[in-house]
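The hints should help you fit chain B onto chain A, whose structure is shown.
There are 2 protein chains.
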Amino acid sequence: MGLLNATDYGDLVDVENFKRSVAGAELNVSIGLSRLGHTVEYVTKIGKDPIGESIVKYLTSENINTEHMLFSESHKTGLMLKSRVKQGDPAIAYYRSHSAFTTFSLEDVNQLEMDSVKLLHITGIPLAINTSVREALFSLVKKAKKAGVFITLDPNLRPSIWESEEQMVKVINEMASYADVILPGIAEGEILTGSSSIEDIAQFYLDLGVKVVITKSGEAGAYVSEINKETENVKGFKVEQVIDTVGAGDGFAAGIIHGYLSGYSWAKSAKYANAIGALQVQYVGDNQNLPTKDKLEAYIESFN
Amino acid sequence: MGLLNATDYGDLVDVENFKRSVAGAELNVSIGLSRLGHTVEYVTKIGKDPIGESIVKYLTSENINTEHMLFSESHKTGLMLKSRVKQGDPAIAYYRSHSAFTTFSLEDVNQLEMDSVKLLHITGIPLAINTSVREALFSLVKKAKKAGVFITLDPNLRPSIWESEEQMVKVINEMASYADVILPGIAEGEILTGSSSIEDIAQFYLDLGVKVVITKSGEAGAYVSEINKETENVKGFKVEQVIDTVGAGDGFAAGIIHGYLSGYSWAKSAKYANAIGALQVQYVGDNQNLPTKDKLEAYIESFN
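Line order of the protein sequences matches chains A and B.
If you want our numbering, it's the position in the first sequence, counting the first as 1, plus 6.
If you want our numbering, it's the position in the second sequence, counting the first as 1, plus 6.
Wrong hints could be hidden among the right ones.
As the list claims (entries may be wrong) - Within a straight-line C-alpha distance of at most 25 Å, the following computed DSS-like cross-link-like pairs (lysine-lysine) qualify:
(1) A:K217 x A:K176
(2) B:K151 x B:K176
(3) A:K25 x B:K54
(4) A:K92 x B:K63
(5) B:K92 x A:K25
(6) A:K25 x B:K25
(7) A:K25 x B:K176
(8) A:K124 x A:K217
(9) A:K25 x A:K63
(10) A:K92 x B:K25
(11) A:K63 x B:K25
(12) A:K124 x A:K152
(13) A:K54 x B:K25
(14) A:K241 x A:K299
(15) B:K92 x A:K63
As the list claims (entries may be wrong) - Partial selection, computed: residues in chain B whose CB lies under 8 Å from chain A:
(16) L18
(17) E22
(18) N23
(19) F24
(20) K25
(21) R26
(22) V28
(23) E59
(24) M86
(25) Y101
(26) H104
Treat the hints as calculated values from the structure; they're not laboratory data.
Quick reminder that beta carbons are idealized off the backbone N, C-alpha and C, glycines included.
Chain A on its own, in the form it takes in the complex (with noise of 0.2 Å):
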C-alpha cells in the first residue's frame, strides 16, 4: 500500500510533513528476492489512482513483474500514515478499510495462471482483511497447491487488524496446513499453538503437514524443525546497534526463499535468512537497505 512517512518528529495528529513510499510485507520480501536475482512477481489489488500507479512505478524500478496486477474500478489503493518517533513504535492510521484489495475476489483469483510460478509466498496480514478476500486467498493457495507450487507462509501477526485473536490463530493455522515452509516468530508460535517451546511449535506444524518449520528468535537466529529430524539451531549475526526493526522478519523470509531457489539447505537458507535480518535492522526504512547478492555474500563473508 501507499505509505506516507512524516518527517517531522510528533503526533500524527499534529505533524505537517509527510513523504510517500511504499509499505507492505509482501513487497519487502518481493523487492528482497528480485535483488537477490531472482524472477519475481508481485500480485495485489489496487485502485486506479496515483498511489496506485506510483507502487507501479516503485515495483517495476526494483525490477518486480506486474503484469497480472489487479485494478479496483470503484476503490482507491490503500494507504497509511506513519509518525516519526525517536524510539518506541510509531503510530500508524490506515486508509485500508476500503481499500482496493477489500474487493481482492475469487473472480480475480481465476485470472492467476500458475504455469511457470515455482514458490508463491503469502502472509497472515491479508488473511485479515474481510470474509470474501480470505475465501479468495484460500482458493489462490488451493490452485496453487494443486499446481505443484511450493508455498511458503509468515504468519505476520497484527492481532489488531483482526477480529479477534481467536480468529486470527484459526485462520492463519488453517492456511498453514497447506504451506510447505512456516516461518513464525517465537512470540508468534506460542499465540498460534499455545506453546514456548520452540520443538512443540514445531511439532504444531510438521503434525499440520508443513514440511519445514523455521522458527525465528532475534539475536539467538533461528531453529529449523523437519520430520523425524533433530530441531537446528543456525545462530544470528551479531549487531552492534538495533536501528529499526521494520523489514527484518520480510528480509529473513527473502532468505529462506533465496535459499530454498538456489538449491541450499535449510540450515544454509536460515543462515542467508539471518543474515538479511541483521543487515535490515542497522538501517531505518522497511526495504531500502535490501541487499544484492553480492553485498549479502560479502556481509557473510566479513563475519568468517
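Leaving out everything else, chain B in the frame of chain A:
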C-alpha cells in the same frame, strides 16, 4: 477534509513530499466568517483518526465551534492529494468515496438543533456524495427553514463528482428552492438554468422562491437581483496579478453572509464579498489569507 498538498512540482505519481492542511469550500467560508468576528459552527462527519482530529484542532484554532461535529466509528475522514503546478489546475486524487461523510444520515440530522442558528450556509458539493447524504441534507435544510433559519446556497458545481450533469442540475435547483440567497457564478448559472443572461438566471431562481440572487462575474463584479427590482451591478476590485483563484468564491460567500449578519444592503454586502474575493486571488492557499474585519475595511478604504 484532510488535504495533502504536494510540495514538489510534478505529477502526483512521481512527487514524494506532501504538506498536510485542511480543505473544503464550507470550511473556507467558516474561516472567513470567523475572522470577520462572527460566531461560527462547522458541522461535518469525520472519522476517529489523526486526519479528523487535526481538522477539529485547526477549526478550534480558528475560533470555530465544533460542538456538533459528527464522528463515524467505521469510516475514515475524507482525504485528498493535490499536485503542485506552476500554472493551470492542480491534479487532485480523492480518498472520499468511502469517507466518514458518506455515512452522514437522517439520524445525524436529528441530532442537530436549530435553536440558536441564524443562518445556514451550504454548497452543492456534499449533495453529490450519495443518495442518503442528499436525503439527510434536504432534511437538514427543511428543518432549518421550519425554524426560520436564513439559508444561503453556493452551487459550487463540481461536475466530476456527480453521476451526471443532468442529476447535478436537478438536485441543486431543488435545493435552491429552499434557499433565501443563491450565489451562482455566471458559468454555473448557465449550466443550471440553460441561460447565459444574468437577468434570466436571476429570474429562474426568483421564480423558485429565492429572495436574492447574486451572480458572480469575476472582474466585472457581482449582480444583485431581487424580485420586482432592477438587477444591480456591484463592480469588482482591480487586481494587478491573479495568483490563485482557489477559495475566491468561498471568500465571496463569506462576504455576503458577513453583510447580511451586519445588516448591510445586498449591494453593500456584494461590495464586501467582491473585496474578499479580490484579496483571495492575490495569494496562494484556500483560506490562509482570508482577512480580518480590520484588514478588509482597510482594503476597501484603499480604493476610496
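Original post:
Under the criterion of a CB-CB separation shorter than 8 Å, is B:K25 in contact with chain A as hinted?
Top reply: 5 Å, holds
Original post:
Is the Cα-Cα distance between A:K124 and A:K152 25 Å or less?
Top reply: Holds, at about 12 Å.
Subject >> 25 Å limit on alpha-carbon distance, applied to hinted pair B:K92 and A:K25 >> reply: With Cα atoms ~21 Å apart, B:K92 and A:K25 stay inside 25 Å; holds.
Subject >> Minimum beta-carbon distance criterion (8 Å), B:R26 to chain A >> reply: 5 Å, holds
Subject >> Minimum beta-carbon distance criterion (8 Å), B:E59 to chain A >> reply: 4 Å, holds
Original post:
Does B:K176 lie within 25 Å of B:K151 when you go C-alpha to C-alpha?
Top reply: Status holds; Cα separation ~20 Å.
**OP:** So, B:L18 near chain A? Judge it on the closest CB pair being under 8 Å.
**Re:** Since chain A brings a Cβ to about 4 Å from B:L18, closer than 8 Å, the hint holds.
Subject >> B:M86 as chain A interface residue, shortest Cβ-Cβ below 8 Å >> reply: 11 Å, violated
**OP:** Would you check the hint for B:K92 and A:K63, treating anything up to 25 Å between C-alpha atoms as holding?
**Re:** Judged against 25 Å, a Cα distance of about 24 Å means the pair holds.
Original post:
Given B:E22 was flagged as interface, is its beta-carbon under 8 Å from a beta-carbon of chain A?
Top reply: 5 Å, holds
Original post:
Going straight from one Cα to the other, do A:K217 and A:K176 come out at no more than 25 Å?
Top reply: Holds, because 20 Å separates the two Cα atoms, which is no more than 25 Å.
Original post:
Given B:H104 was flagged as interface, is its beta-carbon under 8 Å from a beta-carbon of chain A?
Top reply: 4 Å, holds
The structure fails to meet hints 7, 22 and 24 from the earlier list, while all remaining hints are met.
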